[in-house]
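Given these sequences and hints, build the entire structure.
Protein chains: 2
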Amino acid sequence: MPSSPIRKLAPLAREAKKEGVKVYHLNIGQPDLPTPQKALDALKNVDRKTLEYSPSEGYPGLREKLVGYYKKFNVDVTPDEIIVTCGGSEAILLGLLSCLDPDDELIMVEPGYANYISFAKTAHIKVKTVTSRIEDGFALPPVEAFEEAIGPKTKAILLCNPSNPTGYVYTPEELQKIKEIVVKHDLFLFSDEVYREFRYNGQPYVSALSLGIPEHVIMIDSVSKRYSECGIRIGMLVTHNKEVHDTVMKFCQARLSPPLLGQIVAEASIEGTEQYAKECFDEYKARRDFFIKGLNEIPGVYSPMPGGAFYTVASLPVEDAEDFCRWLLTDFRLNGETVMMAPAAGFYSTPGLGKNQVRMAYVLKEEDLAQALKVLRAALATYKDRH
Amino acid sequence: MPSSPIRKLAPLAREAKKEGVKVYHLNIGQPDLPTPQKALDALKNVDRKTLEYSPSEGYPGLREKLVGYYKKFNVDVTPDEIIVTCGGSEAILLGLLSCLDPDDELIMVEPGYANYISFAKTAHIKVKTVTSRIEDGFALPPVEAFEEAIGPKTKAILLCNPSNPTGYVYTPEELQKIKEIVVKHDLFLFSDEVYREFRYNGQPYVSALSLGIPEHVIMIDSVSKRYSECGIRIGMLVTHNKEVHDTVMKFCQARLSPPLLGQIVAEASIEGTEQYAKECFDEYKARRDFFIKGLNEIPGVYSPMPGGAFYTVASLPVEDAEDFCRWLLTDFRLNGETVMMAPAAGFYSTPGLGKNQVRMAYVLKEEDLAQALKVLRAALATYKDRH
Numbered sequence: 000m001p002s003s004p005i006r007k008l009a010p011l012a013r014e015a016k017k018e019g020v021k022v023y024h025l026n027i028g029q030p031d032l033p034t035p036q037k038a039l040d041a042l043k044n045v046d047r048k049t050l051e052y053s054p055s056e057g058y059p060g061l062r063e064k065l066v067g068y069y070k071k072f073n074v075d076v077t078p079d080e081i082i083v084t085c086g087g088s089e090a091i092l093l094g095l096l097s098c099l100d101p102d103d104e105l106i107m108v109e110p111g112y113a114n115y116i117s118f119a120k121t122a123h124i125k126v127k128t129v130t131s132r133i134e135d136g137f138a139l140p141p142v143e144a145f146e147e148a149i150g151p152k153t154k155a156i157l158l159c160n161p162s163n164p165t166g167y168v169y170t171p172e173e174l175q176k177i178k179e180i181v182v183k184h185d186l187f188l189f190s191d192e193v194y195r196e197f198r199y200n201g202q203p204y205v206s207a208l209s210l211g212i213p214e215h216v217i218m219i220d221s222v223s224k225r226y227s228e229c230g231i232r233i234g235m236l237v238t239h240n241k242e243v244h245d246t247v248m249k250f251c252q253a254r255l256s257p258p259l260l261g262q263i264v265a266e267a268s269i270e271g272t273e274q275y276a277k278e279c280f281d282e283y284k285a286r287r288d289f290f291i292k293g294l295n296e297i298p299g300v301y302s303p304m305p306g307g308a309f310y311t312v313a314s315l316p317v318e319d320a321e322d323f324c325r326w327l328l329t330d331f332r333l334n335g336e337t338v339m340m341a342p343a344a345g346f347y348s349t350p351g352l353g354k355n356q357v358r359m360a361y362v363l364k365e366e367d368l369a370q371a372l373k374v375l376r377a378a379l380a381t382y383k384d385r386h
Numbered sequence: 000m001p002s003s004p005i006r007k008l009a010p011l012a013r014e015a016k017k018e019g020v021k022v023y024h025l026n027i028g029q030p031d032l033p034t035p036q037k038a039l040d041a042l043k044n045v046d047r048k049t050l051e052y053s054p055s056e057g058y059p060g061l062r063e064k065l066v067g068y069y070k071k072f073n074v075d076v077t078p079d080e081i082i083v084t085c086g087g088s089e090a091i092l093l094g095l096l097s098c099l100d101p102d103d104e105l106i107m108v109e110p111g112y113a114n115y116i117s118f119a120k121t122a123h124i125k126v127k128t129v130t131s132r133i134e135d136g137f138a139l140p141p142v143e144a145f146e147e148a149i150g151p152k153t154k155a156i157l158l159c160n161p162s163n164p165t166g167y168v169y170t171p172e173e174l175q176k177i178k179e180i181v182v183k184h185d186l187f188l189f190s191d192e193v194y195r196e197f198r199y200n201g202q203p204y205v206s207a208l209s210l211g212i213p214e215h216v217i218m219i220d221s222v223s224k225r226y227s228e229c230g231i232r233i234g235m236l237v238t239h240n241k242e243v244h245d246t247v248m249k250f251c252q253a254r255l256s257p258p259l260l261g262q263i264v265a266e267a268s269i270e271g272t273e274q275y276a277k278e279c280f281d282e283y284k285a286r287r288d289f290f291i292k293g294l295n296e297i298p299g300v301y302s303p304m305p306g307g308a309f310y311t312v313a314s315l316p317v318e319d320a321e322d323f324c325r326w327l328l329t330d331f332r333l334n335g336e337t338v339m340m341a342p343a344a345g346f347y348s349t350p351g352l353g354k355n356q357v358r359m360a361y362v363l364k365e366e367d368l369a370q371a372l373k374v375l376r377a378a379l380a381t382y383k384d385r386h
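These protein sequence lines are chains A and B, in that order. Last residue of the first sequence: 386 (numbering that gives the first Met the number 0), numbering continuous. Last residue of the second sequence: 386 (numbering that gives the first Met the number 0), numbering continuous.
In case anyone wonders, no lab produced these hints; they're calculated from the structure. Note that this is a predicted model, so its numbers are computed, not measured. Fair warning: there could be bad hints in the mix.
One copy or two, it doesn't matter: identical chains are merged, so the pair holds either way.
Claimed, not checked - As a list, the in silico DMTMM-like pairs of lysine to aspartate or glutamate whose alpha-carbon atoms are at most 25 Å apart:
| no. | residue 1 | residue 2 |
| --- | --- | --- |
| 1 | K241 | E104 |
| 2 | K249 | D319 |
| 3 | K16 | D46 |
| 4 | K284 | D31 |
| 5 | K16 | D245 |
| 6 | K37 | E63 |
| 7 | K364 | E51 |
| 8 | K249 | D102 |
| 9 | K48 | E366 |
| 10 | K43 | D75 |
| 11 | K354 | E242 |
| 12 | K16 | E63 |
| 13 | K183 | D367 |
| 14 | K120 | E104 |
| 15 | K127 | E273 |
| 16 | K21 | D319 |
| 17 | K37 | E51 |
| 18 | K48 | E365 |
| 19 | K364 | D46 |
| 20 | K152 | D102 |
| 21 | K373 | D31 |
So this is what it looks like as structure tokens:
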């Protein structure tokens, strides 16, 4: 089991904080925006006497509200096609466990969300990656790269759209290509769409569930990011494939039920929060514009302009970004402040790739991002002198 | 992946309820006792603006309170030896994934908690069982049975003490025998102790963590049952073994964090609830006495007197208890009421065992238990006539 590149440096950050250092967390997609007030109020109004198990598939009320939510994105599903999970994390793990056998192969784009690799390892699934390149703005690799990676043990492709960690939003044409590969090789398509609402350049949203290959698609979702409620651990697995659904349900019954309180909060978040969603969108877009511009103004730093989500993978003028990230936490301070970032190598499977890259989340408010950029600029100058 | 014997008949129960039938749920350990008021109040007082990720290992405040709780049971641990999980379920799964490789063997006592087998299958671990017998009140099988089951691939023994599903409480002498086997064969000992407070015959409590084999033991715990808060999904994995701890943490980092709101409720439940715990204990003991006596008064039914937890495995005068359990939900009604039970065969690994047995949870209030017994008695008479 590999350590999470997002969290493995956390003990160093804790040490720094103990010394009174202020740490700007660019390493983790933990938004500082408030949770909708409506959702917080729902908690205060819980009038249950016993906090009991919920159904293994999640409360019907929540699943029905989700049906309405997906409809707004032209995705038609029924409540019975939705399974509520303990975060998107559990949805991915149970989906993989249900669709692939040990030693089967899963194809994903690298750099990809590092924990996908952890979940695949948990299920003893082999991961093969096709590489997207920073020079191309992390666009979908050419079809030939997928064809090359597909072998007799390949059972599935996993896409994250918009992408964590690169922020890339796949075009309808790219999704069409993926569809053709999926059909040609009879694969499952796992599509992690938790960032669907965060597309900053007016790109159309095409859910994998709308590609016309219902038996192939397992859509992963989560309320964590869109309502700033990562802590409640509520995600979903959505599929039209009845056999996959029923298999996932066996795993769900074994773990009994998804979190009850999180479901109450999630259900209250879905309707009547359109204004909230718009404000979040505007805020993240402004942060993106500000942060990516600032990054590219630092000598030697390059970041493509991410089209969605709230991450970017940037290259730094260092040889070993992990060493640099550690050093930031253990040694470097600018007026008692430092920055935490996730070394990007952990988001690649191919050894050696991404060594000079970091993944950053621009989820902090603009003044904090400005300060983090200042710290990063100073740190790179000092680090360069030291090496 | 096998279906959960506890939950697989749930769709039939839902159908019955839709027809207006009242179903007494003896199938699931979902207590009807209230959650401590203190814990419910903690929810109303959540003053966070953002429901954010918690640390992957859980909040320090909760882990520190747990240290004090365990101390009362003569178990000395530090906060750093406790990992907060999404229910005891996740603790077991991550513990198994961390300590055993695929095709390694895990030994458990049968009948055992059915979902252990599901978690072992998830981790591609082979389960070998030693059989405890209803005639012996489900006492620990003789050491020879363990010795026979242990082979070169055996890596761990898993005990549930007090036991779900049998209610058996292992004696200090039995635990001593287990300790000797564990040391002799250099095994891990997984000890699920979530029912530690429910020992009705004044039996001493000996945690596996107190056996003097700290490197071998992984203790599983949960707040679900002792505070009647199954829905919040808060469990723990506790071990003195640093390597195991650190490996489990890698899995925990991949899934990001345990439920935030559940941790707030759990933390508020631990201190100042001694009177609550006493009342729960008295209530469950009274229910046990009432229910087991009533069961044994039904012709052909036999249940040993469980020493702890709130379950029993009883034999019924039927050939196929699963068929009987299904028929109860689909066909039988006594004045518009029926009973749901878990067929016990799913709690055994050895094919054919437990076919005439059911697992029942006596977590309902006495008048409901009385009514459930009445329904069961009538159902058995009718079913016998039909067959």
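Hint-by-hint comparison with the structure:
| no. | hint | verdict |
| --- | --- | --- |
| 1 | K241 / E104 | within (22 Å within a copy, 33 Å between copies) |
| 2 | K249 / D319 | between (44 Å within a copy, 23 Å between copies) |
| 3 | K16 / D46 | between (39 Å within a copy, 23 Å between copies) |
| 4 | K284 / D31 | within (15 Å within a copy, 48 Å between copies) |
| 5 | K16 / D245 | between (46 Å within a copy, 22 Å between copies) |
| 6 | K37 / E63 | within (18 Å within a copy, 32 Å between copies) |
| 7 | K364 / E51 | between (38 Å within a copy, 15 Å between copies) |
| 8 | K249 / D102 | both (21 Å within a copy, 21 Å between copies) |
| 9 | K48 / E366 | between (44 Å within a copy, 19 Å between copies) |
| 10 | K43 / D75 | neither (33 Å within a copy, 36 Å between copies) |
| 11 | K354 / E242 | neither (41 Å within a copy, 28 Å between copies) |
| 12 | K16 / E63 | between (43 Å within a copy, 20 Å between copies) |
| 13 | K183 / D367 | neither (48 Å within a copy, 57 Å between copies) |
| 14 | K120 / E104 | both (11 Å within a copy, 19 Å between copies) |
| 15 | K127 / E273 | neither (39 Å within a copy, 54 Å between copies) |
| 16 | K21 / D319 | within (24 Å within a copy, 65 Å between copies) |
| 17 | K37 / E51 | both (23 Å within a copy, 16 Å between copies) |
| 18 | K48 / E365 | between (43 Å within a copy, 18 Å between copies) |
| 19 | K364 / D46 | between (35 Å within a copy, 21 Å between copies) |
| 20 | K152 / D102 | both (8 Å within a copy, 21 Å between copies) |
| 21 | K373 / D31 | within (20 Å within a copy, 56 Å between copies) |
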